[in-house]
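J.: Letter by letter, the chains look like this.
Number of protein chains: 2
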Amino acid sequence: MSAPAATPAHSCKVIQSGAIAKRLLEEVTAGIKALDHPPRLHGFLANADPAARKYAEWTQKTCTENGVDFTLRQVDREALEDEIREANTDPNIEGMIIYYPVFDATRDRTLQWTVSLHKDVEGLSPQLISNMYQNIRYLDPPGNTRKSILPCTPLAIVKILEYLNIYNPILDYGKRLHGKRITVINRSEVVGRPLAALLANDGAEVYSVDVNDIQQFSRGSGLRKQKHEVRDMEGWGLENCLPISDVVISGVPGEKYKVPTQLVREGAVCINFSSEKNFNPDIKEKASIYVPAIGKVTIVVLMRNLLRLVQNTPRVNGTKV
Amino acid sequence: MSAPAATPAHSCKVIQSGAIAKRLLEEVTAGIKALDHPPRLHGFLANADPAARKYAEWTQKTCTENGVDFTLRQVDREALEDEIREANTDPNIEGMIIYYPVFDATRDRTLQWTVSLHKDVEGLSPQLISNMYQNIRYLDPPGNTRKSILPCTPLAIVKILEYLNIYNPILDYGKRLHGKRITVINRSEVVGRPLAALLANDGAEVYSVDVNDIQQFSRGSGLRKQKHEVRDMEGWGLENCLPISDVVISGVPGEKYKVPTQLVREGAVCINFSSEKNFNPDIKEKASIYVPAIGKVTIVVLMRNLLRLVQNTPRVNGTKV
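If you read the sequences in order, they're chains R and X. So the first sequence is numbered by the working numbering: it starts at 1 and just counts up by one. So the second sequence is numbered by the working numbering: it starts at 1001 and just counts up by one.
Calculated from the structure, these hints are not laboratory results. Take these hints with a grain of salt, some might be off.
[Said to hold, decoys possible] Calculated cross-link-like contacts (lysine-lysine; reagent style DSS-like; alpha-carbon spacing at most 25 Å):
id	chain 1	residue 1	chain 2	residue 2
1	X	1225	R	13
2	R	296	R	284
3	X	1227	R	284
4	X	1284	R	227
5	R	13	X	1227
6	X	1296	X	1033
7	R	284	X	1225
8	R	296	R	256
9	X	1147	X	1284
10	X	1296	X	1258
11	R	277	R	13
12	R	22	R	284
13	R	13	R	227
14	X	1013	R	225
15	R	227	X	1013
16	X	1284	R	225
17	X	1227	X	1258
18	X	1277	X	1256
19	R	54	R	296
Please model the complete structure; the sequences and the hints are all you need to start from.
T.: Given below as structure tokens:
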């Protein structure tokens, strides 16, 4: 009889976003190649933030390497709104991305609203955001030929959960998270809240955590509701939602914040979307899967949204109408 | 804006065992076709139970339709032990199945022990059972070319859980249930206890329920143990394990027993392996997936075990050695 195999200190599978991005990229580049021209994306950089510049350059590199015609334009922030309006009507620009923050959150929101929803690769236009919260998945019901664009980072996390088989394809489309309990730590308007809504619309019971309180996003028992509803979980803390959550997704800015490992359920799936490490190294002693960062997936999702926008454009004999 | 789609009364996916059996059968028949002859299976019927006869005839039909050379032999039960010994050395018999019960459970066990482990399609030989509990997956370590046969009904349930994507293929082989909590209601020696052991060895935390008590089968936090360990959950009842279980598997004989739906977790996966209906119809208001019966899968697993036995037989130039 042979000796039993050595038991490792833990069984956690650490999955880097590059591996996930690669598979998604294959699908996206196949779609791009099927177009009659490289899709044209413009990036507007209107701040002096070195992190934003780095991200812009990284977008440019990934786009260029994968068949997207990317133009990076550095503009004065006071001129940005006019630039966006011009881009909205310029037939040579099929999608645009603004590197935020430009001003403060309130004024930046008016910039987001200026971008035409037909060119909004980031999925931040009011109608797109409204469709997402209402669980309306197409721009043209009841024909349903043009998919409504979803915000990049939340969609990247959805794509990661699909890759990790948390979405169960044996269930019907739109219900594939039924039975999953997911904690999302962060309730920002750009990522945390739309993400909680998306996951609940797909059937999950979501605990949305911010510094003040915890909210439950859910379609109810048996998914009887068509879209999610929100209720306040009065008196709840992480000690209530973490031990019952199959998946923990955290995106808290700042190096100080750490998810308390001892509250995480044995074998949970843990995903960090903060630029800092929200999980302590000992999470690997507890989790079945740990995804330490998501950036590479987000950029592929950006290209995927651009592809959708170009595919959504009505054409007659190859000419836009 | 179109009206929202009508919301159904529930979102539960009811999956019949025929659909699951069909996919598994494709793999098995491909393996059978690759052999140089139809594998030869003998069934021994030594009781007058009409249910056993029906099952035997059903085995015969499925085997014959799918390339297995099946012979059904009706024998006197007092002659059965000798018949088995003869079959053990008969080169024309590659696998055998006994339709139990023949005598009582204790004497039937000696019959099970009489079947050569090289011809035991039911996976009930002592060495096979011991391998299963010890999480030893091959008959010939460290070469690991000949897979140890697993008991039919527990293996059928494993195959169903694979079909339903409860096993997560992104995790390493042997750990694909890590993070899953599973309640198994039935702790018989033939199904419930080996099933609890198999699932725990694959990484699940299993609550094994019988009429007297609840036991936990688990490899511990981070799957640090190489095989499962069992501990008594003193004072536990269904009200403790059902609300935290992702999967509920029930096989209680008799029409009276019903799993209490109100204790089952929202979106749980529910599988019935009793010949009676252990779940009330309202389980569909609560579960994400419900498998009402498993019989058709079990019979394909029987054929799969036969195929493994034939593949396990060492050959030199096509001749058994």
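J.: None of the hints should be skipped; say for each whether it holds.
T.: Right, here's what the structure says about each hint:
Restraint check: the Cα-Cα separation between residue 1225 (chain X) and residue 13 (chain R) comes to about 17 Å, which is no more than 25 Å; the hinted pair holds. Of the supplied pair hints, the one linking residue 296 (chain R) and residue 284 (chain R) holds, its CA atoms being roughly 22 Å apart against a limit of 25 Å. A threshold of 25 Å between alpha carbons decides the hint, and for residue 1227 (chain X) with residue 284 (chain R) the separation of about 20 Å falls inside it, so the pair holds. Restraint check for residue 1284 (chain X) and residue 227 (chain R): satisfied, since their Cα atoms lie roughly 20 Å apart, inside the 25 Å limit.
Proposed proximity of residue 13 (chain R) and residue 1227 (chain X) is supported: the alpha carbons are some 19 Å apart, at most 25 Å. Restraint check for residue 1296 (chain X) and residue 1033 (chain X): the C-alpha separation of about 21 Å stays at or below 25 Å, so the hint holds. Pair hint residue 284 (chain R) plus residue 1225 (chain X) holds up; C-alpha atoms about 16 Å apart against a cutoff of 25 Å. With a C-alpha separation of about 24 Å, the suggested pairing of residue 296 (chain R) with residue 256 (chain R) holds against the 25 Å cut-off.
At most 25 Å may separate the alpha-carbon atoms for a hinted pair to count; residue 1147 (chain X) and residue 1284 (chain X) exceed this at roughly 38 Å. A distance of roughly 23 Å separates the Cα atoms of residue 1296 (chain X) and residue 1258 (chain X); the hinted pair therefore holds under the 25 Å criterion. Straight-line distance between C-alpha atoms of residue 277 (chain R) and residue 13 (chain R) comes to about 17 Å, which keeps the hinted pair within the 25 Å bound. Taking the CA atoms of residue 22 (chain R) and residue 284 (chain R), the gap is about 24 Å. The hint holds against a cut of 25 Å.
Between the alpha carbons of residue 13 (chain R) and residue 227 (chain R) the distance comes to roughly 33 Å, so the proposed pair goes past 25 Å and is violated. With a C-alpha separation of about 17 Å, the suggested pairing of residue 1013 (chain X) with residue 225 (chain R) holds against the 25 Å cut-off. Simply put, residue 227 (chain R) and residue 1013 (chain X) have alpha-carbon atoms about 19 Å apart, close enough for the 25 Å limit, and the pair holds. For the proposed pair residue 1284 (chain X) and residue 225 (chain R), the alpha carbon gap of about 16 Å is at most 25 Å, so the pair holds.
At roughly 32 Å between alpha-carbon atoms, residue 1227 (chain X) and residue 1258 (chain X) are farther apart than 25 Å, so this suggested pair is violated. Pair hint residue 1277 (chain X) plus residue 1256 (chain X) holds up; C-alpha atoms about 9 Å apart against a cutoff of 25 Å. Restraint check: the Cα-Cα separation between residue 54 (chain R) and residue 296 (chain R) comes to about 13 Å, which is no more than 25 Å; the hinted pair holds.
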